[in-house]
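Colleague: These protein sequence lines map, in sequence, to chains A and B. One point on numbering: in this note's numbering, the residue at position 500 of the first sequence is 500, and numbering is uninterrupted. One point on numbering: in this note's numbering, the residue at position 162 of the second sequence is 162, and numbering is uninterrupted.
Don't take every hint at face value.
Unchecked claim - Simulated crosslink set (DSS-like; lysine-lysine; CA at most 30 angstroms straight-line):
1) B:290 to A:7
2) A:338 to A:223
3) A:223 to B:290
4) A:419 to A:336
5) B:168 to A:9
To be verified - FRET-style restraints, in silico, Cβ to Cβ:
6) A:502 to B:49: 43 to 53 angstroms
7) A:533 to B:265: 52 to 62 angstroms
8) A:34 to B:72: 46 to 56 angstroms
No wet-lab data here; the hints were simulated from the structure. Given the structure is predicted, the values throughout are model-derived calculations rather than measurements. A virtual CB, placed ideally from N, CA and C, is assigned to each residue, including glycine.
Single-letter residue listing:
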Amino acid sequence: MKGQDVKIKQLCEECGQLVELKVEDIPKLPHPYEDWEDSPITEISAEKRQQIEAGLDGVVGVRIPVPRTQAEKDELVARFLSGLDRLFSPADNWTFLQPFLLSMENCVKCNTCAAACPIFEESGGVEIYRPLFRAEALRRIARSRNSRLGGLINKFNGNDVPVTWETVARLADLAYRCTLCRRCAQDCPMGCDNGLITRELRKLFSQELGIAPDELHKDGTVKHLTVGSSTGMNPHAFKDVIEFAEEDIEDRTGLKIKIPIDKEGADILIMHNAGEFLSWPENLQAFAILFENAGLSWTLSSDMLGYDSVNYGLFYDDVQYARVTLKHAQVAKELKVKKVVMGECGHAHKAFMAVGDRLWLEEQNIPRESALTLMEDLVCNEKVMVDPSRNDFPVTLHDPCNITRSMGIIQPQRNVLRKICPQFREMTPHGVNNYCCGGGSGFAIMQSSNFPDWRMRIAGRKKFSQILVAFQDSIGPETHKYVCAPCSNCKGQIRDLLAYYGAWEKAGIHYGGLVELVVNAMVDVRPGFIDWDEVGLM
Amino acid sequence: MGAVQILIYFSALFFVVAVVVRALHYARTPVHMRWELYPVAHEKGRAHYGGSIFEESEWWTKPRQIDHVNELREMAAEILLLKGVRLHNRRLWVWSFPFHLGVYLLIGWLVLLLIGALTLPAGAAATEGWRRALVLLTAIAGFAGLGLTLIGALGLLLRRLGVDEMRKFNAPADYFNLLFFIVVVAVGLAVHASGDPDFTRLRLFLADVMALRPAAALATGTACEVVLASLLIAYMPLTRMFHFVAKYFLYHEVRWSDDPNPRGGRLEARLVQALNYGVSWRGPHIQSGKSWAEVATEDVE
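So here's chain A without its partners, still in its complex pose (with noise of 0.2 angstroms):
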């Protein structure tokens, strides 16, 4: 593979692509995907070239439009420094400045990291990938403009990335090559963190040039902050959303439940991921099934963002992250309701709980908790009545990094498992060890271009193999089998997943939530809220 061979210095270079990816480079899957054959990542057109930067890997992630002139490919690099100048800055980047320093300053080049990174060994060790590459192009960049002591001890240290428009392009892009999954520094003896570095690359782009993937800001963040949710879903349409619930909900299970909306001082705010009323309707309506019959007090909000938990400023940028969990706190302030509730969305866990911690401040500080948490001490403690035999088919966890290994939630969702399905299997590795689902840090709705292509190729393969490895034992299509993801980004990824290597025909596997599990196995409930006939028609 080309790709073997590249230095950090080439990333400057006027070389037109710098790494062919093949797919006859990608590892091999387990039983019955032995002879899976991948066709190519499709192919950017040469005229498509000639509008967007596809210099890097062939790959389009977040489509910088080529410079026609000098001037503008100048700008681009004064803008590159003048935002990694202000990452440096206690006033501009108060937010990560510690940790950023930490990890920038104490590498010490081991590439323990390499052997983390499931988008490096999937991708059959392209090195670009690596995630040393990424995080000692910033550093050597980095400490030759900070360096006070010029040419040759810059070279002594290493420290001679030319900046050029093509260096900057190809960072914007490199950028959006990792899942921000943080397996890699969880296993760095020195702790450094290049999930961070990567995320601060990202903030750089973001917040100096206006670089980011539409996904994540057009249609992302400023969507959210302006019509409510990320969805394009106005608090108008969220309500008709609500009342299809409600009717849904009485087809399903023949339950007339009247799902609250705006109650004020009730006991819980309960905030979903938007995704899941338009993809995933039945998971809102099992956690309406299962707090109605739990008799909780609780309700969702039809507020400006009350509705939709995304934070996708998570991902990127650090100003629209705080507009974004400052919204959402007000919104939980002015209902008064006692606590939050996070849904099955793992980065909005991490958004509101862990990283807003420092955000919601005093009067908004409303306490926050998980669902999972919640969930557990529902069925753990029999406040709702399960039958485990409804759930009799084999089940393994996807653990959602940023609920995993970002937080520490670990054990309520597999007590909960652990009661209700009896065929509960552990992916290998699991918990805080797990690996992303590769639809992390916004991959799972950067849909456009061929984008999806290597998401689906290299980003996800690996937990893929995961899901086979568990299900080994009953593989064939003819026994049903369930991954749980309690997370809508991992689901969405893991939908397409299944749905590229045609899991469903091939292997029986089907995906979905906790929730949907817990209300299967619920006695008060009718059998079948999931119902296998359906799947094949999703």
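Take the given structure of chain A and dock chain B to it, following the hints.
Modeller: Then chain B, alone, in the frame of chain A:
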């Protein structure tokens, strides 16, 4: 007072100042967003699988249980045994462990030398009791430290040169740092194996250095050893070898930093202050020149 003696004072002072300046460089950064990574060693009863207090229903109503003993145990395993490298990069650990163990022994050796310099009378033979034990221990720590550091540094150098994925990321400075160690410990070994096996000459010299009185001239070999070691000590905090301090911040201020932010607490006060910082980012969605609090709460159109 000779030049070698002055160099020792200068190196020691430079080392202390450089360490303090660099440590303050990290310590004085503003409070940051939470960015811990599990397992967190002080999570009582949960650290072994990576759990946190977030696993508790209504966690904010539960007492926070900190396991300082486990945290110390993890720190000891990381510092003394290089647990992280052993778990995740065994081939590197084979060389990195003896190198670090050697350095720890050399630190112990230096401490024993200084104790000897302060307590053993000049010219008196240390032939019995604790004096003899001190001299013996000093010799063991010295030779073991020099030998292990040499073996480890040579192994690390060969690995960095021989493994393609390491070589391509290493700069001349990375090789120089290891070579510097190799030269210093090799000279030390040669000097003491050939003429001062119980380190008496060095101890006497250090007694004068400690007492701030002019020391007798050193033999050429010992003088070379002292000069090289002094330069290495002064050089270390300027390089990535500063990780002996930085790692404290990497673990305690980031990776294991899971302090919650209760309403009305000190952390909250620091965060409110941080929101007053000015923003100069120039992205099209950011109004430069306002404070973070203003930028984060302005309406987006």
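Colleague: Now tell me if each hint is right for this structure.
Modeller: Verification of the supplied hints:
| no. | hint | result |
| --- | --- | --- |
| 1 | B:290 to A:7 | violated (41 angstroms) |
| 2 | A:338 to A:223 | holds (29 angstroms) |
| 3 | A:223 to B:290 | holds (23 angstroms) |
| 4 | A:419 to A:336 | violated (34 angstroms) |
| 5 | B:168 to A:9 | holds (11 angstroms) |
| 6 | A:502 to B:49: 43 to 53 angstroms | violated (35 angstroms) |
| 7 | A:533 to B:265: 52 to 62 angstroms | holds (54 angstroms) |
| 8 | A:34 to B:72: 46 to 56 angstroms | holds (49 angstroms) |
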